[in-house]
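Novice: What follows is each chain in one-letter form.
6 protein chains.
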Amino acid sequence: MKKIERVETGILGLDRLIEGGLVKGSASLVSGGTGTGKTIFCCQFLKHGLDNGENCLFITFEESANDIINDAASFGWELGKYVKSGKLVFEYVDPLEAKTRLGSIDEFVKKTVKEKKISRIAIDSVSVFGLYLADHYEFRKDLHKLVETLKESGATTILTAEALDGSTRFRVEEFVADALINLYGLKIGEGNFRSLQVVKMRRTRHAEDVFPFEFTSKGIVVKKDII
Amino acid sequence: MKKIERVETGILGLDRLIEGGLVKGSASLVSGGTGTGKTIFCCQFLKHGLDNGENCLFITFEESANDIINDAASFGWELGKYVKSGKLVFEYVDPLEAKTRLGSIDEFVKKTVKEKKISRIAIDSVSVFGLYLADHYEFRKDLHKLVETLKESGATTILTAEALDGSTRFRVEEFVADALINLYGLKIGEGNFRSLQVVKMRRTRHAEDVFPFEFTSKGIVVKKDII
Amino acid sequence: MKKIERVETGILGLDRLIEGGLVKGSASLVSGGTGTGKTIFCCQFLKHGLDNGENCLFITFEESANDIINDAASFGWELGKYVKSGKLVFEYVDPLEAKTRLGSIDEFVKKTVKEKKISRIAIDSVSVFGLYLADHYEFRKDLHKLVETLKESGATTILTAEALDGSTRFRVEEFVADALINLYGLKIGEGNFRSLQVVKMRRTRHAEDVFPFEFTSKGIVVKKDII
Amino acid sequence: MKKIERVETGILGLDRLIEGGLVKGSASLVSGGTGTGKTIFCCQFLKHGLDNGENCLFITFEESANDIINDAASFGWELGKYVKSGKLVFEYVDPLEAKTRLGSIDEFVKKTVKEKKISRIAIDSVSVFGLYLADHYEFRKDLHKLVETLKESGATTILTAEALDGSTRFRVEEFVADALINLYGLKIGEGNFRSLQVVKMRRTRHAEDVFPFEFTSKGIVVKKDII
Amino acid sequence: MKKIERVETGILGLDRLIEGGLVKGSASLVSGGTGTGKTIFCCQFLKHGLDNGENCLFITFEESANDIINDAASFGWELGKYVKSGKLVFEYVDPLEAKTRLGSIDEFVKKTVKEKKISRIAIDSVSVFGLYLADHYEFRKDLHKLVETLKESGATTILTAEALDGSTRFRVEEFVADALINLYGLKIGEGNFRSLQVVKMRRTRHAEDVFPFEFTSKGIVVKKDII
Amino acid sequence: MKKIERVETGILGLDRLIEGGLVKGSASLVSGGTGTGKTIFCCQFLKHGLDNGENCLFITFEESANDIINDAASFGWELGKYVKSGKLVFEYVDPLEAKTRLGSIDEFVKKTVKEKKISRIAIDSVSVFGLYLADHYEFRKDLHKLVETLKESGATTILTAEALDGSTRFRVEEFVADALINLYGLKIGEGNFRSLQVVKMRRTRHAEDVFPFEFTSKGIVVKKDII
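Protein chains in written order, with our numbering: chain C, 1 to 227; chain W, 1 to 227; chain G, 1 to 227; chain L, 1 to 227; chain V, 1 to 227; chain D, 1 to 227.
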């Protein structure tokens, strides 16, 4: 039985819930509603790798690289520094052009991971990517291919998905992923807290409870309490 | 790390919840049901800029300029005065003609912002705009382009969206925006109050609670209590 | 700032909730389920104008003029008398023929309002009108045009809409109107009462609560209690 | 003001709730789930007229004349006797053939009412009639025409409609009718009773409460209690 | 008034709820979720007839004759014995071939009932039959024809239907039947019991309550308690 | 009456609930949400057979053989050992190619079961298989054929299905199976536990309650308590 290699997320308090980190080379889905912190989760995950000398790739369908770098800066994370040094590759893909460029994203991922020796990837978000495809069937196929490419690349990946009414938008996003982490946000009338739950993680005995988390000056911090 | 410039909303009690104001150059979505005060929010936001000497643009798909100016007048806001002096540009776009004119809206925004040195824009509402497009896919594309144009213009923008059953009508409006502010209205059987919540705001540590607000003679006033 | 002219509804107890009446020249939507009193609301609104010497127009897609006149008669309102004297114009439009005749309704409204010096209009109901159009998109366009015609005519208009599960049938009816008044009806298991709520009214500081009402020999009477 | 003529339903306890009976010449919808007693309501309504010397017409899309006559017989109502004497006309229309025969139903109604001097009609059920039409739009048109024919005939009509989840199946049936009477049936976990509610009835000050009813040896008997 | 002939179901405790049995020659729908006992209901109904010397027909779209015979054997019902003696006819119809064979099912029913003097028929299930038809409209027509054939045959029939969320799958199955018996199954959080309710039965004063039942060594036994 | 042969599942605590095991040669559906343990259920079922000297087949549409073997290894199950010795056949089918290869899956199953003397099969999951078919109708047909092939092969089969909102995704998966076992997972606000329920199992008097289970170092262990 092969020892499973773990990759620390850098999310404070999360790694202890998942045997020390994500499975190396796996693709994990982080799902949550608007404003639950999915983009920050991505930044924190990459920042942790960058600080340890790893090379990283951020593909975004939502915001410009500058906007995300500025967002991260509000937590004191100087991603721009790593972009300049070439250790962090930022690729904004206009979702309106994603369809025609998708083959090249697959190619881009393969090529970039190989050339730049990338070990961490974040893709934010597959929902936006899907919104501009013609139909659900096309989305399933393209997402399937993209995730296969990601997993074959050897890098460890976080993909984000927009949750609507507590489920992923297309209800297939979680199929392609090795892990599913739900972020819960604010809700009127049910108490006002943020929380996180590891719903599934292959090859991992993960905690199954719902844990509150906070945005602190160090980013997301998962607390030890159980909700 | 670049200092983030803030733009005061002029909504009394709101700016203290969002580090002093909206991020300069960002596009924020204000979402709420019928009668929750979205148009008044727009007027108050523009009026605050006008009083400080800024130039503003109001694009409406719902009402004539006169109707909105009259509405604002019931709060003592003399928008007509600014229209006459050329500091406020009002553009009513018939939603039935929006499709054919959309390219020109993008052009109109670019040209007007540049020529008139506009720093604040309100668009009321993207839902009405969407209702007269042929399908959701077309709406997504057109909205996406419009928001890109708005953000590139350098002005700070408020877009409104109609909420149905607690979500935006097309469920994509919040994707394109940097911020999402929900207005909650009257509901039978759950108490009779108005309230506001900042659900997301990029580059901002915003308050996460639900705050009651009132329509006063000075417009919307967000109170300090938490619901 | 222009003084806003008000038009009394004649619904006892309602005008005090809306600064004395509807905004002159506006179009208000009265929405409610089957049997909540929408047609009676229309009759009472027109009857109040007729008694004050105004000329009125009633366009119905649901019932013959005779049926409505008979319904009104059960409240002692002698609409037939005004029809004879030419002060009340009744126009029944077969919804199956509305599509081909819509242009002419717009024309009919313009011409009738001008020739007969109409100051109050009731249209009952836009939902039935919509049911016989080919699709939602066509309904939106035709309703939009009709309401523009009504508002340009200078008369004050009440449109009714059928509510299903607490919302308007097509969920766009409230967009085109300056005001939205909800009528709530009978419900099993939640108490047995009728009530009314002004959800939105432009240029008006309206009461926001839910008020019980009753059908009396004088028609609808809104009571001062709050539910 | 014309005195409104009333037609007794013969449903014990119902007429006192509706000013003595249905409006003469009107078309009333009786809506309820499977097994709530709609067909029995029809039989009881016609039987009351037959016993008073009136001539009646029963159009059914669901069961053979024999089955309905047998059902009625279990309440001691000898409809077969009236069929033989020619005072009751039974017309079973196969719903699969209704589409091609609809014109002739209109003709059949006109002709039969005139020749046989029919004063009461029951049609059971418009939902089954609708199920075999190609689409909702066609149903609306055909139902609209049928009801116009019925009302022009001068006879007083009961139409039944199948309720699903508390609403009529096509959600337009109640539009065409002058009255809506809901029958409520058995429900697990909410108490086990049958009840009836007059939701709307034009030209009538009807009781608005929900009243329990029972199937007795004399048919449906509405009780004086309120639920 | 003709005396109504009754056919005992053989379900212990059920016949006393329905005046002694099903109406002879009628078609009854037994509806319930997965695992509520619909197939066992069919077997028990036929077995009761077989033991009294009647000839029976079982048409199944779900399982092979052998599987059903084996299922029945677990209650000690030796259906195989009757198949051998020719008193029980088992017809498995592959639902993928049902469409092309439907005409022949009608023919098969007519011919078999006549030749074999069949007095009881079970069809399990019309939902599976419907799942492999192209659309709801086709299902309605084909089901309608099949039930007419069954009723004309003179035999007494049980049809089963799969319930989803408490309703039949196609929501028309109950229209064609003379009776509707609901089987309720296991549900988390609402107590763990099986129960049965006669929702409608033409020409029958049936019990209206919900009765618990159990699977015993004698098959389904309906208990006298009321839930 | 033929004695029913049972096949132990190897799920600790489950066999005692189902008369000792699954019916030999039957196809059982294991349904549950993401992360409820469906793949582990499959592995444990096959591992039990392998340890007893049986030959097994695992067809997966979701993960590579290596990933599943690694997952199983975290419970100490050395499936790789059996793959090497040829007693366990792993077949990963890319769902994007399943459509064109389906005939060959049927052929593959037939051939493999015969040549390798396979007595246990797991297919994980039919939902993923269905997601890449063009429509529900095609899925029903292909699934129907696949299950027929499986049952004719003589081996005992577990199929898994993804549950959405408590039902299977396509709502037909349970039709084709002889048994339905539901796995319930984590839910916010309703307590945090895993549980299992045998909803239906042909030819079996199974326990009907909901039983909690845990993931232990020996895999799934169903406890004796009742929820």
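Honestly, the hints are just simulated from the structure, not real lab data.
Here a beta-carbon is modelled for each residue, glycine too, at the ideal position from N, C-alpha and C.
Hints are supplied without guarantee of correctness; some may be wrong.
Unchecked claim - If you want the ones that stay clear, here's a sample from chain V, every Cβ over 10 angstroms from chain D, calculated:
1. Phe108
2. Lys110
3. Lys116
4. Ser119
5. Val128
6. Leu131
7. Arg194
8. Val221
Claimed, not checked - Quick partial rundown of chain G residues pointing at chain W, CB under 7 angstroms, derived from the structure:
9. Arg6
10. Phe170
11. Lys200
12. Arg202
13. Val221
Novice: Could you let me know if the closest chain D CB is still more than 10 angstroms away from the CB of valine 128 of chain V?
Specialist: Violated: least Cβ distance 6 angstroms, not greater than 10 angstroms.
Novice: Regarding the hint that valine 221 of chain G lies at the interface with chain W, is the smallest CB-CB distance below 7 angstroms?
Specialist: violated, 20 angstroms
Novice: Are all beta-carbon distances from leucine 131 of chain V to chain D longer than 10 angstroms?
Specialist: violated, 6 angstroms
Novice: Would the hint on phenylalanine 170 of chain G stand, with a C-beta cut-off of 7 angstroms toward chain W?
Specialist: This interface hint is violated because 10 angstroms lies over the 7 angstroms limit.
Novice: The output says arginine 194 of chain V does not contact chain D. Does that hold with a beta carbon cutoff of 10 angstroms?
Specialist: violated, 8 angstroms
Novice: Just checking, phenylalanine 108 of chain V versus chain D, shortest CB gap more than 10 angstroms?
Specialist: About 22 angstroms separates phenylalanine 108 of chain V from the closest Cβ of chain D, which puts it past 10 angstroms; holds.
Novice: If I take the minimum Cβ distance from serine 119 of chain V to any residue of chain D, is it greater than 10 angstroms?
Specialist: Given a closest Cβ separation of 26 angstroms, the condition holds.
Novice: Test the statement that lysine 116 of chain V is away from the interface with chain D: the closest C-beta pair must be farther apart than 10 angstroms.
Specialist: holds, 25 angstroms
Novice: Under the criterion of a CB-CB separation shorter than 7 angstroms, is arginine 202 of chain G in contact with chain W as hinted?
Specialist: Since chain W brings a Cβ to about 5 angstroms from arginine 202 of chain G, closer than 7 angstroms, the hint holds.
Novice: Please check whether the beta-carbon of valine 221 of chain V is more than 10 angstroms away from every beta-carbon in chain D.
Specialist: Its Cβ never comes within 10 angstroms of chain D, the nearest being 14 angstroms, so this holds.
Novice: Holds or violated: lysine 200 of chain G as interface residue toward chain W, Cβ cutoff 7 angstroms?
Specialist: Hint on lysine 200 of chain G: holds, closest Cβ of chain W at ~3 angstroms, below 7 angstroms.
Novice: Under the criterion of a CB-CB separation shorter than 7 angstroms, is arginine 6 of chain G in contact with chain W as hinted?
Specialist: violated, 13 angstroms
Violation of the numbered hints given earlier is confined to hints 5, 6, 7, 9, 10 and 13; the remaining hints are satisfied by the structure.
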